[in-house]
Amino acid sequence: MNAPRLSKQVISLALVAPLLLFLIVFFALPLVTMMKSAVSDPVAARTLPATARSVSSWNRTSPPTVEMQAAFVADLRQISDDQLFGDLVRRLNSAKSGFRTLMPKTRKAALDTAGSIDLVALDKRWGDISYWQAVSVAASSKITDRNLLAAVDLQRDASGAIASVPADASANKAIMLRTFVMALTVTGACVLIGFPFAMIAASVDGWKRQLLLGAVLLPLWTSLLVRTAAWFILLQDRGLINSVLMQSGVTSSPIPLIFNRAGVIIAMTHVLLPFMVLPIFSVLIGIPKNLMPAAASLGAHPVRAFLNVLLPLGLRGVVSGSLLVFMSALGYYITPALIGGAKDQMISSVIAYYATGAANWGMAGALGLVLLAATMILYAIYLRLSSERETSP
Amino acid sequence: MNNPFIRLEEVSKSFGLLTVVEGLNLEIGKGEFISLLGPSGSGKTTILMMLAGFENPTSGAIWAGGKRIDSLPPHRRNMGVVFQNYALFPHMTVSQNVAFPLKMRSLPRAEVKERVGKALDMVQLGSLAERRPSQLSGGQQQRVALARALIFEPEVVLMDEPLGALDKQLREQMQLDIRDLHRRLKLTIVFVTHDQSEALTMSDRIAIFNRGKIEQIGKPSDIYDHPSTQFVAEFIGETNLVWGTVKSMEGGTARVQLPAGQQVLVETATDLGPNSKVCLSIRPERIKVGRREAAGNNITAAVSDIVYHGDHLRLIARSDGQSLIIKTDRSQPTLSIGDEVQLSFLSSDCWVVRP
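Chains as they are written, first to last, in the working numbering: chain A, 1 to 393; chain B, 394 to 748.
Because the hints were derived from the structure by calculation, they are not lab data.
Fair warning: there could be bad hints in the mix.
[Said to hold, decoys possible] Cross-link-like lysine to aspartate or glutamate pairs, in silico, DMTMM-like; alpha carbons within 25 Å at most:
id, chain 1, residue 1, chain 2, residue 2
1, A, K289, B, D573
2, A, K208, B, E448
3, A, K289, B, D463
4, A, K289, B, D588
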């Protein structure tokens, strides 16, 4: 490589450097951190080193040995940092509830007395093997698949094999499924509304087209929160929609539109519609104007001409629009949170709960990772399908 | 015309305040090749669109094969249309494109296959059947469009400047190909073009359009030799237009005085009153260099320009303030700019046109 070419490359690198730096600091690093927090589990191993050593020979089914108990008490005495202790309690409690009260009680006893302590006598929960199993799992490894498994409603049982969590405790899989179903519904609604709209917008010109496209673009320039709040007002029992329906005699009592699935779908469809209309519009506008007249002159009824000519040609726009809408819908948070009921929350609200409510970044990261993986798989399928369609004759 | 196949009766078409076609009457015979020729905006394409059914006449009636068709939707008119930019379906292969009209008519698959093969052979594209339109050249795309418009044996084939996008050589080849198809398949073809040479080479009849009306309709040779109006004379080929005043009229010959005083003899079928103003059209190739006593008209002019055209020379000569174009062969004795020349033309080569 010669010198001028090298300097040219340095200059182009310098030009993209700000963007690159921005992306690394504010996108790549947080993403990696979140993903790492999904599998990293260092707190127990760090705070309970002696316990970790002594449980390595334990078979996890027999009653806890005296050495284990002594090592555990010794470890507790070593923890001087209250915040670190808090992290440990939270970690253990997330594996088995009960530690939140058990741990401070045990630590207090450990600090108050100098010698060995009979933990089972202190609290009979220490006689329960499952507590020791939780401590053992937490202390013996710095990485864990617990969060990832929990994200898809799986757990490791006492023997370490992967098993489903009990039906009453499983929620993530149902919420994930609900998220996909809702995103799919919104995508379908957007296609049904967006395709005819894009067709009309592409067939007129001048001020009419400007008006139609403006009607699509204007909401796009408005904040998502404002639009959601507007739907919040419109969908009320005494809101505009219900009062019009009741005054016109269509219904005698208000149709429940808010805090349920219908309301969320309506609002999300409206918010995401531009992402469907614009790709379809841009594809339709590129289709030569004389194809439909040509089809008609060759004997095609308008419906058949649409099905045989316009629809297959516009499909590329429908597919990319659907992808945009579906991917965006998967991560929706504000709209379901404001307009939906408890049964209409999507996976992002669960992630938000773990991240900000329960301060369980591991679970938040794991759920995010699962969502990312599912989305990537769908995207890969889309790429495969679209490339196949292009190459096949 | 006896028993015309297509008849347009007082057809008018307006878009808002703009009248594009006004009170048009036109009859087209079965098996005829008629060209609609005119400048852009003269209404010729609108006529075609009304025949195809893409536009409805504002008033008037269109008949085809004894049935009134002006309210029929395009897909029920059974007319093959060849569009300016071919309008091939980009997502279908060549054979799928050609099969489309048959598929729309729900013909059995075996028959579709056989007829598509025949149609592609007819336009010499059998080997490209599985290609996409985007993989074909302009001329090949045009032939696919042609095959697609002919495969369902339409009663009429409408062509909207189908050769406009091709280069000159290919265009001339396609002109001959289309004329050949017309003769072999006995097609009725309505051909819209703004290219006068295209219309002259291909048509049985030409209708010259100007501002939504037919200016003149007739055989190519009639239109070229005997243009009825100044517009037609200028639009078809090249011509010299000369204004003058009728001095006297004897038999079928009028004596016309040009502004500068020269007098020319003009053969005309119409009786021209003395002192009436007339416009004369004289084709450049009809004027000969050199004096001919038998020619009837001999004038003196000065050469003001000579343009070399390969197969012929073009002289620009001035005579009494009147500029004339003369097309002459290259065997002429060498002339140079400023030379005085004798020009002669027959009284039958002067044609009186309406302004």
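Hint check results:
no.: 1; hint: A/K289 / B/D573; result: 30 Å, violated
no.: 2; hint: A/K208 / B/E448; result: 21 Å, holds
no.: 3; hint: A/K289 / B/D463; result: 22 Å, holds
no.: 4; hint: A/K289 / B/D588; result: 24 Å, holds
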